[in-house]
Amino acid sequence: MSSKTLIAAAAKPIILSILQSGESYGYKIIKRVRQASGGTLDWSSALLYPVLHRLEKDGLIQSQWKLSEKGRMRRCYRITDSGRKELAAEKERWISIHDVLEKFWATA
Amino acid sequence: MMCWRSSGRRPDSLIEREKKMFDLEKAIREWKKSLFKDPGIEESYIIELEEGLREEIEELCEEGLSEEEAFRRVAAEMAPADVLGAEFYKVRTTRRSGRPSWRAPRFMPELLWSYLKVALRKINRQKSYSFINIAGLSAAMACALLILTFIQFELSFDRFFENSDRTFRIALREGSPEEDSYEISTPEILSKALKTSIPEIEKAGIVRRSRSALIQAGDKRFTEDGLFADAGFFELFSFDLVLGSRAAVLAAPHSIVLSDRLAEKLFGDANPVGQSIHYKGIFLSQDLVVTGVVKHPPKNSHLQFDYLVSTATMAQTERLKGWFNAWNTYAFHTYVELQQKQARHQVEKKIRLLIKEARPETNLREDAVFLQPVTDIHLKSRVAGATATNSRIQTVYLFGSIALIILLIAGINSMNLSTAWATTRNKEVSMRKVIGAQRIDLIKQFMGEAYLLTALAMALSILMFYAFFPVFSGFVGIDLTVNEVDIVPLVLSIGATIIFVGAFSGLYPSLVLSSFQPFSIEKKLSTAWLRGARVRNLLVVFQFSAVTLLMIGTLVITRQLNFIRHKNLGYNRQHVLILPLREEEAISKAAALKTALEGFNNIQSVTISDSTPLKISTMAGGLEIQKENGEATKIDLYMAGIDCDFLDVYGIKLAEGRNFSRDFPTDSQAVLVNQALVRKGGWKNPLGRKMMDSTIIGVVEDFHFDTLHKPIEPAMFVFRPGDSTFRGINVGIRFRPDNPEDTLDQIKNVFARLISSQPFDFYFLDDSYNQLYRREQRLAVMVGYLEGLAILLGCMGLFGLAAYSAQRRSKEIGIRKVLGASVFSIVRIMSREFLILVGISNVIAWPLGYYLLHRWLQAYAYRCSFGIEIFILAGLAALLIAAAAVGLHTVRASLASPVKSIRYE
Chain A
1 MSSKTLIAAA
11 AKPIILSILQ
21 SGESYGYKII
31 KRVRQASGGT
41 LDWSSALLYP
51 VLHRLEKDGL
61 IQSQWKLSEK
71 GRMRRCYRIT
81 DSGRKELAAE
91 KERWISIHDV
101 LEKFWATA
Chain B
1001 MMCWRSSGRR
1011 PDSLIEREKK
1021 MFDLEKAIRE
1031 WKKSLFKDPG
1041 IEESYIIELE
1051 EGLREEIEEL
1061 CEEGLSEEEA
1071 FRRVAAEMAP
1081 ADVLGAEFYK
1091 VRTTRRSGRP
1101 SWRAPRFMPE
1111 LLWSYLKVAL
1121 RKINRQKSYS
1131 FINIAGLSAA
1141 MACALLILTF
1151 IQFELSFDRF
1161 FENSDRTFRI
1171 ALREGSPEED
1181 SYEISTPEIL
1191 SKALKTSIPE
1201 IEKAGIVRRS
1211 RSALIQAGDK
1221 RFTEDGLFAD
1231 AGFFELFSFD
1241 LVLGSRAAVL
1251 AAPHSIVLSD
1261 RLAEKLFGDA
1271 NPVGQSIHYK
1281 GIFLSQDLVV
1291 TGVVKHPPKN
1301 SHLQFDYLVS
1311 TATMAQTERL
1321 KGWFNAWNTY
1331 AFHTYVELQQ
1341 KQARHQVEKK
1351 IRLLIKEARP
1361 ETNLREDAVF
1371 LQPVTDIHLK
1381 SRVAGATATN
1391 SRIQTVYLFG
1401 SIALIILLIA
1411 GINSMNLSTA
1421 WATTRNKEVS
1431 MRKVIGAQRI
1441 DLIKQFMGEA
1451 YLLTALAMAL
1461 SILMFYAFFP
1471 VFSGFVGIDL
1481 TVNEVDIVPL
1491 VLSIGATIIF
1501 VGAFSGLYPS
1511 LVLSSFQPFS
1521 IEKKLSTAWL
1531 RGARVRNLLV
1541 VFQFSAVTLL
1551 MIGTLVITRQ
1561 LNFIRHKNLG
1571 YNRQHVLILP
1581 LREEEAISKA
1591 AALKTALEGF
1601 NNIQSVTISD
1611 STPLKISTMA
1621 GGLEIQKENG
1631 EATKIDLYMA
1641 GIDCDFLDVY
1651 GIKLAEGRNF
1661 SRDFPTDSQA
1671 VLVNQALVRK
1681 GGWKNPLGRK
1691 MMDSTIIGVV
1701 EDFHFDTLHK
1711 PIEPAMFVFR
1721 PGDSTFRGIN
1731 VGIRFRPDNP
1741 EDTLDQIKNV
1751 FARLISSQPF
1761 DFYFLDDSYN
1771 QLYRREQRLA
1781 VMVGYLEGLA
1791 ILLGCMGLFG
1801 LAAYSAQRRS
1811 KEIGIRKVLG
1821 ASVFSIVRIM
1831 SREFLILVGI
1841 SNVIAWPLGY
1851 YLLHRWLQAY
1861 AYRCSFGIEI
1871 FILAGLAALL
1881 IAAAAVGLHT
1891 VRASLASPVK
1901 SIRYE
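Chains as they are written, first to last, in our numbering: chain A, 1 to 108; chain B, 1001 to 1905.
Keep in mind that the hints were calculated from the coordinates and are not lab data. It should be emphasised that the depicted structure is a prediction, and the values quoted were computed from it without experimental measurement. Note that the Cβ used here is the ideal one computed from N, Cα and C, for glycine as well. There's no promise every hint is true.
Example chain A residues on the side facing chain B (calculated, C-beta under 10 angstroms, incomplete) [to be verified]:
#1 Gly26
#2 Lys57
#3 Trp105
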């Protein structure tokens, strides 16, 4: 669908947005992205997990090991306060870019 | 960050196997195992990933897929372990590149970094070995580079002319068919005839040398060398004419073309064209008009000149008219350009017919005419009176082979030393093999090391090249600056040398080393060493043969040059000063000068002559003389005009008859001849014989009036006491050896008092003689240096090998000592091996040396003799040098306490 760099750049705000509506874990995030994009955005684990780890390292999210319904270990992620702030900033950036693009495309 | 849509890099075989009887748990275990392989993935990540995997599989199963299908699909979507690991590592690391430390940088083959580290460590640890290797190689390569520039320069002569491949100089072979000498003087009319009657010849032109003529413009005057040339000159030779038109500048009489250098000296920045200058040479003395300016000829041209005077000027001069339109005056060199170079032999025949037609009376041999390629003139012509000092192709060969030998010796050193020292690396080799190095990896490693060393050496050698170039170029007489060297072939040869030497020094060791079997290294090592040793011995023999050969060569060359320097030339060249007089006014004062000088106490005698013993100025070709048996024969005869003091000043002895004398008025009709002429004529009693209407009154002993490359030619001396001839004259002064400075001052004062039209120019006869051989002497010294280098390199190699051998046999020596061997016997045992090799080298070098030097000496008409003593001397020297190189280590090894070497046994 779209270029690798764009996907990579979008990963951070998307993950933060998902986590803002509540705790989640790896596979669930992939699934939600897939559903929301109607299947055009299909993340691989090689993309998602390292990004999650990076966000955690940067202090934007927190993880916690929990037991799943099936009794397996599952790593759950939750957004932190600085994560929320970062998301607000990201939102502004994306919206401003979106606005610019829209103006150009409207006249075209 | 990258998004990874996996492209199914998971091993298919794994999935294949799962197909048969699918066990999900087993499949997941296998999958986890494959992830563990990458050091970037931690266990917790795998747990996290596994959870996602399982959940997705469960979902797919609910959708109706079988476990196997679900697993396959999900696993295929997962990125392979190394990609995942790298991504995870990137998150953790603080490295800017994000490259995991266990992974090689993308631009390097996997182990290159480690190889480099090991190689540098090796260099550092085995300092003496590395020094010998690098220093030897770099010195050899620097030498090779220097010699290459020399050869390149020598071979580049006259190749810059357009159509140089089709341009020839006409040479005439004379004498009997066995003789291979030729003359390059030709009649002027020949070039005209060629153009009209031989269609294959496109252009033709004539040239004659003009030596040290006085060129005067206003109050500036210089003595310069130049050429007489006709209008064909600029058609034939693409010299760069700066001012004037190529066709016109030399067409008219009284024209002179100046080199830019001379033009600037005479006129500065002013335009010289149209200016009038006075030319005063041996044959001409008149005003000329500058018609053009030509760039000074490049150093690699056999035609060297500072001015060109049109031959039409000569044709207008009463005295020289006879040189033109006549078939019997051989005064010019003729050059031609053919339409096709293949027509050469055909044209030679046609020219011969042309000459035969014009002069039916001459006796021309079948191959009389010979078109000499202009590009051969510098290196391959053996004629006197050529337009520049020529070199000999033998010199080029000599230097080329020395360069090759030096390079080979250094390469062999490097190869021997690295094989020898490599055997001490068996532990490293076995370690690498056990860990999984393939043979090719080891070959790569050792080749790489060899190339590293070679590249280091090359870098050093380039520095050395630039440092030594000025000295070298002056020394071998090519007078180039570094900037004038054509860099392209040099760069190419540098590249080729690195490849060649690197391969040479790396290939064999790497093959030997990589063939070790890790689990039986101790056993195999001995055979590997032996195998290497045999080749090594062979190479040492080769090296020392080369060294001995060079040594014999240097000895013989030195002896020959000493022979020349000290040869009795038939005249005494010590303590003679010569004043060349060129100006008419000066020449007219010669007699007065002589009288004045004879008055001084410290001047023994003074002579006036047109020639000196070094150079007899006139040569008449094809002169007919009567032999003893009445038969007529043609000879080339040198003629000199001398006075009655000539023999005295130059110390030439009379063999028969008497010298010229003022007491005999009839002596103006008398001549002296040399013994060579008497031999040629076969005269039993030469005195009283008629020679060119004159009577022979005396025979002088032969003396050499040319280089010793040539035999003594017949010569005749006529009596011209104080006569002012139209050619320049020389005043020869024999002075007493004490206080030469005072004498010189006196001569200078007298000269200044009598002669104002010419500056005080003088030279000493012995200097001038040495000049003749200076280039050769210098070449000999150069050969000596190179030979020294070769010997040094050979020794360094032997030294290194001896060190290795001593180290390898330290236990043997220890045991021998414990059992009672003396130091002497141990030294003997250790040295024997090397000395035998040196002995074999001598056996090879002697006959080869004899053969090569015998051929080299053929170039000289007078050669020194050399006997067995030279070979013995060279052999002994080689042996001594080898013994010294080996001795140090063997003595040290045999003096070492056995406790040290065998305490672990």
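Status of each hint after checking the structure:
no.: 1; hint: Gly26; result: holds (5 angstroms)
no.: 2; hint: Lys57; result: holds (6 angstroms)
no.: 3; hint: Trp105; result: violated (25 angstroms)
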